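Respectively, the protein sequence lines represent chains A and B.
Here the first sequence is numbered in the numbering used here, starting from 69 and rising by one per residue.
Here the second sequence is numbered in the numbering used here, starting from 128 and rising by one per residue.
Simulated from the structure, these hints should not be mistaken for laboratory data.
If you're wondering where the values come from, they're calculated on a predicted model, not measured in any experiment.
We put the beta carbon where it would ideally sit given N, CA and C, even for glycine.
There could be a bad hint or two in this list.
Unchecked claim - Sample of chain A residues at the chain B side, in silico, Cβ under 8 Å:
1) Asn145
2) Ser147
3) Asp171
4) Gly176
5) Pro177
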Amino acid sequence: KAGVTQTPRYLIKTRGQQVTLSCSPISGHRSVSWYQQTPGQGLQFLFEYFSETQRNKGNFPGRFSGRQFSNSRSEMNVSTLELGDSALYLCASSPWGSGGVVDTQYFGPGTRLTVL
Amino acid sequence: GENVEQHPSTLSVQEGDSAVIKCTYSDSASNYFPWYKQELGKRPQLIIDIRSNVGEKKDQRIAVTLNKTAKHFSLHITETQPEDSAVYFCAASRGSARQLTFGSGTQLTVLP
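Isolated chain B (complex conformation) (with noise of 0.2 Å):
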């Protein structure tokens, strides 16, 4: 089956710095590669999302990088801010299936 793997597990940044959170698929037959948002007790929200007929797609401050050749893609998150911070999920699925493969977190932390 499909296995996600994300860097970092932690990562603390600097008001106004950038973010970058990578993760690697191993199913070339993944099509589609959201990315949650979730703050302490609170529900995975989905910030972006990139479908594998796109390389690149920008939605403000984050942005999200697709390299099917290499099967790895990143969420890239500039000028961040404290409510930035949050643990930042990735994840993959193939087909239509509504069956989501998700990276272990990334805990982000913006220091003020």
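Looking at chain A on its own, in the form it has when it is part of the complex (with noise of 0.2 Å):
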């Protein structure tokens, strides 16, 4: 099967702008979660969606959104850029177990924000 793919892979933008980014999951899996990786705060859970809906949210400003489509694919945005939105941003997907347990999540390979 192939990986999780995200595109872009690089992005700049400048301040107040804002951007979407793509995340597209391994075939079959249903959930989707979204982390932004810096040197200063290393990995950090931003959100999780599985069936178009927003199942679970970090401690990020309301800036920070996505969404979800029927084809599980999935879409962040961030609105008015600052420049410590700058970072890695990882989708990782899973399957949807049952039961109550976790599944493996298998990570894109980013898209690098820069904000100017």
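Reconstruct the complex from the two isolated chains, following the hints.
In structure tokens, the structure reads:
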């Protein structure tokens, strides 16, 4: 199976702009989670989507939002970009298990966002 | 919320030696503990994971141990090789949530 893909791989924006990142999960995977990776804060959970619904949300401001489509592909949006939003944005997909069992998450290559 | 602490932040070992990385977690309800390896410029890749109903899991040169009482888990790499050099992250999650809380990472360098 093809792995998780993310587009674009690199992005340069200026403060105040908005950006949309895309993630295509592994075929058959129905859950997509997003993480932000920075040298200072490490890997931090943004949100998780399953069945087009946000299931969990991390401690990020409302400028960060996302959505999931019926084919499980997901997008995240950051509005009014700030310098501190410069980071590697990773998405991870997993199947949807039952019985409260956590499934393995497989990461995409990430989108490197630079805010000038 | 959950807090995961990881030590050491950097670790250098000679090729062939063993490496141990330790993590502690705060939420006693956490029940899933994966380890990821991230090479420079690459995506995090799962190398091994353990669930709270298991105390130890091994996969060739890699093993993970879990002590639920003490709320800590460790990664053990034996017979290290230069290609093991990377940043290793531990993580924890609870229930069925696909919300991983990561440790701060360990830069492992295997010296030839």
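Tested hints:
| no. | hint | in the structure |
| --- | --- | --- |
| 1 | Asn145 | violated, 20 Å |
| 2 | Ser147 | violated, 23 Å |
| 3 | Asp171 | holds, 7 Å |
| 4 | Gly176 | holds, 6 Å |
| 5 | Pro177 | holds, 5 Å |
Of the numbered hints given earlier, the model fails hints 1, 2; all others are met.
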